[in-house]
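K.L.:
As a plain string of letters, each chain reads:
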Amino acid sequence: MFDAIMEQILVIARDAWAFMAGLLIVVALLGGLYYILQGTAGAAFGASRMTSTAIIGVIGLVIVVLFAFLFLPQIAEMLKSFQPKPPF
Amino acid sequence: MSGITSLLLSFLREAWIALAGAFLAFAMLAAIAQVLRVSSASVLGANLWVWQAVSALVSIIVLGLFAFLGIPEIMRSVQSSFPTAGGCGPIGELGTLASALIGGLAALRMLKAMFASMFSASIGGSSTFANALIECGEAIFGMILASAAVPLAAYFLGTC
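Going down the list, the protein sequences come from chains A and B.
The working numbering puts the first residue of the first sequence at 120, with every later residue one more than the last.
The working numbering puts the first residue of the second sequence at 75, with every later residue one more than the last.
The hints are simulated quantities; they were obtained by calculation from the structure and are not laboratory data.
Predicted model, so just to flag it, every value in this text is computed and none were measured.
Treat the hints with care, since some could be wrong.
[Said to hold, decoys possible] Okay, the calculated beta carbon distance ranges per label pair: (1) A/138 x B/92: 17 to 25 Å; (2) A/134 x B/118: 23 to 31 Å; (3) B/122 x A/141: 20 to 28 Å.
Note that beta-carbon positions come from the ideal geometry of N, C-alpha and C, so glycine has one too.
Here chain A stands alone, though its shape is the one from the complex:
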């Protein structure tokens, strides 16, 4: 009875997921570019702290993106396995 509505909701949710994932990649790439610029600028005029901050920032961004693309699907699978049958 609710299958047609559910299909529509899932289509919208899939589109939104793809949009969010694409936006995350774009933001991460822009952030990575910014950190690379910061690192090279720091290396050019001898600011070692600036360079190391930029390197840590790039590593953090990579971790966040890996978290989003590896951990979230696992969480979704776990929640899907917990999806309850009607308790009535």
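Please build the complex by placing chain B on the supplied structure of chain A, with the hints as guidance.
P.N.:
Leaving out everything else, chain B in the frame of chain A:
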């Protein structure tokens, strides 16, 4: 009467399954929105925003676990203490129908409250978890009241 009961309950069960699926989809959308917020805030250097997004992500996971593990157990425990039939004849059948419907509607209302909370989190609003818990409490309280009202009505209207 039993045919009507089973028809209405099958309708409510299908609604429960659809709502649970939509809840899961929106939970994942809310989670990836918070991850996007973490990444953009870390690029901007906004530490407070990062921690807000991390705590929102944790609360989304906790909300999902509560909705999928907590609500069915609460419903089973409340329904097990719910009187199914307090009399005989048409009043007894009505009591059975009412108790089944009250249980199904209360379960759906609790899941709907969780879904609204998750939906607001997925579009970036405050997760309104407190409102969802208040609505769950109202549903349980209503079931407890009904569990007292059904035997009383059966006693006054149609005891054997």
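K.L.:
Please go over all the hints and tell whether each is borne out by the structure.
P.N.:
How the hints compare with the structure:
no. : hint                      : verdict
1   : A/138 x B/92: 17 to 25 Å  : holds, 23 Å
2   : A/134 x B/118: 23 to 31 Å : holds, 27 Å
3   : B/122 x A/141: 20 to 28 Å : holds, 27 Å
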